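*Asks:* In case you want the letters, here they are:
Protein chains: 4
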Amino acid sequence: MPHIFWPPPAVPRLIKLCGRNEEMVKNEAKRFGYKSYCTDWKELISNKDIDIFVNLGPNNTHAEPCIEAAKAGKHIVCEKPLARNAREAKTMLDAAEKAKVKHICNFSNRMIPALSLAKKLMLEEDFGKIYHFRVNYLMDYYNDPKIPKTWRMDKDLAGSGITADLSVHAIDLARWLCGEPETVMAITNTFIKERPISDSSSKKVKVDVDDASIALLEFSNGAIGYLEATAYATGRRAFVGVELNAEKGSVYWNFEDMNNLYVYYVDERRKDTRGYHKVDVSQEYHPYFDKWMPFGEMLGYSATFVHTAYHIADSIINNTPLEPWVATFEDGYKANVISDAIIKSSETGRKINIAY
Amino acid sequence: MPHIFWPPPAVPRLIKLCGRNEEMVKNEAKRFGYKSYCTDWKELISNKDIDIFVNLGPNNTHAEPCIEAAKAGKHIVCEKPLARNAREAKTMLDAAEKAKVKHICNFSNRMIPALSLAKKLMLEEDFGKIYHFRVNYLMDYYNDPKIPKTWRMDKDLAGSGITADLSVHAIDLARWLCGEPETVMAITNTFIKERPISDSSSKKVKVDVDDASIALLEFSNGAIGYLEATAYATGRRAFVGVELNAEKGSVYWNFEDMNNLYVYYVDERRKDTRGYHKVDVSQEYHPYFDKWMPFGEMLGYSATFVHTAYHIADSIINNTPLEPWVATFEDGYKANVISDAIIKSSETGRKINIAY
Amino acid sequence: MPHIFWPPPAVPRLIKLCGRNEEMVKNEAKRFGYKSYCTDWKELISNKDIDIFVNLGPNNTHAEPCIEAAKAGKHIVCEKPLARNAREAKTMLDAAEKAKVKHICNFSNRMIPALSLAKKLMLEEDFGKIYHFRVNYLMDYYNDPKIPKTWRMDKDLAGSGITADLSVHAIDLARWLCGEPETVMAITNTFIKERPISDSSSKKVKVDVDDASIALLEFSNGAIGYLEATAYATGRRAFVGVELNAEKGSVYWNFEDMNNLYVYYVDERRKDTRGYHKVDVSQEYHPYFDKWMPFGEMLGYSATFVHTAYHIADSIINNTPLEPWVATFEDGYKANVISDAIIKSSETGRKINIAY
Amino acid sequence: MPHIFWPPPAVPRLIKLCGRNEEMVKNEAKRFGYKSYCTDWKELISNKDIDIFVNLGPNNTHAEPCIEAAKAGKHIVCEKPLARNAREAKTMLDAAEKAKVKHICNFSNRMIPALSLAKKLMLEEDFGKIYHFRVNYLMDYYNDPKIPKTWRMDKDLAGSGITADLSVHAIDLARWLCGEPETVMAITNTFIKERPISDSSSKKVKVDVDDASIALLEFSNGAIGYLEATAYATGRRAFVGVELNAEKGSVYWNFEDMNNLYVYYVDERRKDTRGYHKVDVSQEYHPYFDKWMPFGEMLGYSATFVHTAYHIADSIINNTPLEPWVATFEDGYKANVISDAIIKSSETGRKINIAY
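Residue numbers (the numbering used here), protein chains in the order written: chain X, 139 to 494; chain U, 139 to 494; chain P, 139 to 494; chain S, 139 to 494.
Please keep in mind that the hints were generated in silico from the structure rather than gathered at the bench. Treat the hints with care, as some may be off.
No copy labels: a pair is met if it fits in one copy or bridges any two.
What the hints assert, rightly or not - Capping the alpha-carbon separation at 30 Å, the derived lysine-lysine pairs in DSS-like fashion look like this: (1) Lys-416 to Lys-284; (2) Lys-267 to Lys-416; (3) Lys-409 to Lys-284; (4) Lys-284 to Lys-342; (5) Lys-416 to Lys-257; (6) Lys-341 to Lys-331; (7) Lys-386 to Lys-257; (8) Lys-154 to Lys-168; (9) Lys-228 to Lys-293; (10) Lys-164 to Lys-429; (11) Lys-267 to Lys-342; (12) Lys-258 to Lys-154; (13) Lys-258 to Lys-429; (14) Lys-186 to Lys-168.
Bear in mind the structure is a predicted one, so any value in this text is a computation, not a measurement.
The shape of chain X in the complex, shown without the other chains:
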């Protein structure tokens, strides 16, 4: 981060890395230059040198460590989904707010320059009434039945399946770009119901979570839309399409074409050359790009983590607000409320009202 955001608000020191497998954590600590490592997360909490606690563990390891970190006065960055369900997420949000620490739920899409520009347009332009919002999170990484069961396919550890892993991203984008949803109707499916326990074993165990999820949303502003997430969209490795249609314009983006945002205006100088603008967002006047190399430089997904690191440092040192660019535990909690509603609707076949 300091190489890019220069002068940086602060230069992070990598104090201690924690992981459950000692050999692996030792190796990774060396790789990334951490001063030390441990296998018990409580060592991170009790370490007085640590100001920021970053939680990248499986979903079932988010709540307790984050709550303890908050109690110890540490700022927190927690990977999405914030928790396995809304109830658990609420305890984390409450703890972080009570402790008055900075808290980020890492919905990394907000840090993608093209989507940051989309948000900027929603804040600065008058697009009038919003009609539609849609997200297709199309991947195919579970397509092969030989892929073993992981913690993400285990309800106890993950909360839910693709809904917890991908739909929460789509939910955050919906809330961020379009507004608050009022109702949800959804279907989910588990295409491959049993998987090997490991690469080397033919023994199979049950997959007890959803591996595809489609939700219909009605927003309080009158818009309607859907959020689709799947790891069975054969041939789509990382197609994440996001589109918003409003009275006076539209925006469209897709992760496969990460550095372009497509923008449509109803009112243009000439009607006969109206059409989606293909905006290469890699210019010096685009969000984040003034920090990187000039004109036409393509950025990759890893840049998003650099941007998040900047925001947490800047927020602490200069006391700047995290929102709207970075999602907080409040956003994480609300995403959990909606993902719970998706699962409930898919189980009951009924429309569910959203209430935070």
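Following the hints, complete the assembly by docking chains U, P and S onto the known chain X.
*Replies:* Showing chains U, P and S alone in chain X's frame:
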């Protein structure tokens, strides 16, 4: 048609054109070379020279004329949707079957060469289990609130709104390419609830049908999917995206790029050059293209009507089956059953089971 | 044409079709509804009922029949290239001008709505100084060495190879959209130097013309550019890319995506949403589209012939100018001058000055 | 680099940074973590701790420092173009070879995963005879006449203009992917012939180099092609299109869509689904991507520098060959020979033979 399909199964004679506005129908009859014209559709039924009755009227004018045409032994091509609702459609299907005439419900997308190739692949290839099917019918022709109310926005005349106009296309594609749906959950909306009665009047009347419609489907083969239709997708004039993902491959198509079909195979000679094939379907070995000009000739939407004309003529003269290429009244009826379910689910907030 | 342009300037009558193979010409005359047919083109010239003489023959059959038609006072549409070389073309131009008949050299690209819009923009907008013009005419129809030699691969019959067949299209686009070229430097190649004499024979004969051609142009307005034409661009069936870059904007088009024009403006309301507009030219306010079906209707290449038919009829009946939309024999002659220069430069390795 | 290539062949230490502006070099040394800094490059040469000398200076500062570094036994990475002309480049190549040090000319495109895959295919597949090779290096960063003159627009400092800056990239891609060129014909232009001396001054000075360059190439293997480079392609920020067409297949790539390679095979299982494969090269079985995050992770341009750092370290420590992945001074020299020929052809209007 005979210019393209040469030698043609038959050369159609344009006997009589019927319309309710005498001046207009007279003009159009002259334009397209009809021998005569009339303003009472019953003249078409009683005319012994007419073998094929083509019904392009508003939805409320489909049932009675088609049923009378069937009784008179005429073959029938009827514009979609077959009827305003499933009950009405069933009477038409029953009449056509009883009369043993040829009957086509003009779901014109089946006649688009790229989609014909998609169907061919579904019939000839083993794509394994189907996971996903999705259609986005994105247009923006109702976006402007100054557009007056038409018969398509009137429940009595049209049955429903965008669901009757566009979702039925999507429904037919779903049944044709993916299989029979078992359940539907849907939301609809009416974004602009009042419209002027005409271009020249400021008087407004209520729009009593849906103008956007999104339906979730569960198919009997285990696939899940959605069908979205709207005339409020600002900036999208005719984006009709169709995608099917299966265990061993995928197909994707979009009307804006009408002459290309995108096909993905999981099994390729080299793993590292796997990817969607962009198939320009305008070659001599592609459906319908052997009849047109060679290599790389682009076709437009109007070609679909030429293809339909060929099929009805060929079916009558050579007694060839219409299915799978052309939709029959049975397909039209089933699309009405499903569109009724979409409306019902959107009204009740519940999942609806499909039963023909 | 009258079905589309209604009311039409005139309804063409198809008087007589001429071809050298009696069986084929008889069949085609029947197919397209000609009143009669013949195998001697002089019968067309002497026929008093014929007002418009359309010459679609091989290049070596353009000059004499067109000159005779002009002498007989007939209006002429001649397929491109106008002739086998500039000298021959000049005799045709002189004859047509002397006879004061209407004359069209059928550079069909001008009739493609997206390119018509590009021309309209060049006429109406101030794009400032033009920097670049480029055309890639990429096809692959000669790729297979088993394809037999045709008249297009014979210097006596065709004049030159791919330069006569495709580069002349590119040349006309360059002159039409960018301006007059002053110099040419070019290379050509003959990748497959011998071909079978027919599908059924293994006997091979020499190909004595170019089958790929790339020319560099310097324009009198200061722009530079290139024109590439090939039938060996493996996998490209009909990629015809056309791009013009100027001080204040750019336009881009490609035949594979026939109904979209891409337009860029340097000056936009917001700098951060500048980018190529993807203009779906199929709206009622786009060239030619007001005559076809409304909003989003895709057109194919065959529409261009309808538009040409309209222009020749309109020009005769209403005495409207053909230029700028339709190319005349003057344009055809100038294209021949430049294609001669391409061949000469490729033979001498030197820059050639263009002089009409 | 060590964060990505783990375990790395070596962990670089950043010993000393050199620059002519003391304040700036001090700041940058701090930013990137260099131990020290200097303003005289000879300090780098005399420093015994430095094993690798990296030269990122303007073109006129390449030769002497690199030659001295070679004499001092240091391995060298030098930015492209290697020198201002072929004669100067030859002295650098000779010095590096005599000193038996590792030498890289940083043609960074080779490090882009999609292009690395293209090279891999050229090495592993039999595409038969190559017909065409083309590169369009389309940018627009000089479009604005208010941009002041830089060292890149000064013949003494840069050697030539856009030819030295961009065409050399295209030349290296041509030699790497297609083969050795035998002849060159070219045109260049200087669209804006005078520019301000600085952002704050209205005084103008002459631009004495080319700012657009198009070259036609004939290759020794029979292929033909062109290399276009310009900074006046209005609206194109970084469109770098690379295409190769051969008897049995084609590859296409464009920098705006950096992580996809398009591959076409003539021979496929089904003729009717032939078409360009859109290959998302971000999978674990693609060049370099096994080192980065899994499936669908997008990479940006800065990754190429990580890959170069790996190769130089790996080559030194494990004595692996740099070619074919990394360009050496020999490649740099040959690119200078060809760029000299481009300039000469544009000045003489004649075809120039390439001789190394």
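*Asks:* All hints are to be evaluated individually against the structure, with a verdict given for each.
*Replies:* Here is what the structure says about each hint:
no.: 1; hint: Lys-416 to Lys-284; verdict: between (40 Å within a copy, 25 Å between copies)
no.: 2; hint: Lys-267 to Lys-416; verdict: both (23 Å within a copy, 24 Å between copies)
no.: 3; hint: Lys-409 to Lys-284; verdict: between (53 Å within a copy, 17 Å between copies)
no.: 4; hint: Lys-284 to Lys-342; verdict: within (10 Å within a copy, 54 Å between copies)
no.: 5; hint: Lys-416 to Lys-257; verdict: both (16 Å within a copy, 22 Å between copies)
no.: 6; hint: Lys-341 to Lys-331; verdict: within (13 Å within a copy, 58 Å between copies)
no.: 7; hint: Lys-386 to Lys-257; verdict: both (16 Å within a copy, 28 Å between copies)
no.: 8; hint: Lys-154 to Lys-168; verdict: both (11 Å within a copy, 24 Å between copies)
no.: 9; hint: Lys-228 to Lys-293; verdict: within (19 Å within a copy, 46 Å between copies)
no.: 10; hint: Lys-164 to Lys-429; verdict: between (33 Å within a copy, 19 Å between copies)
no.: 11; hint: Lys-267 to Lys-342; verdict: between (51 Å within a copy, 20 Å between copies)
no.: 12; hint: Lys-258 to Lys-154; verdict: neither (36 Å within a copy, 41 Å between copies)
no.: 13; hint: Lys-258 to Lys-429; verdict: within (17 Å within a copy, 34 Å between copies)
no.: 14; hint: Lys-186 to Lys-168; verdict: both (21 Å within a copy, 27 Å between copies)
Going down the numbered hints, you'll see the structure goes against just number 12.
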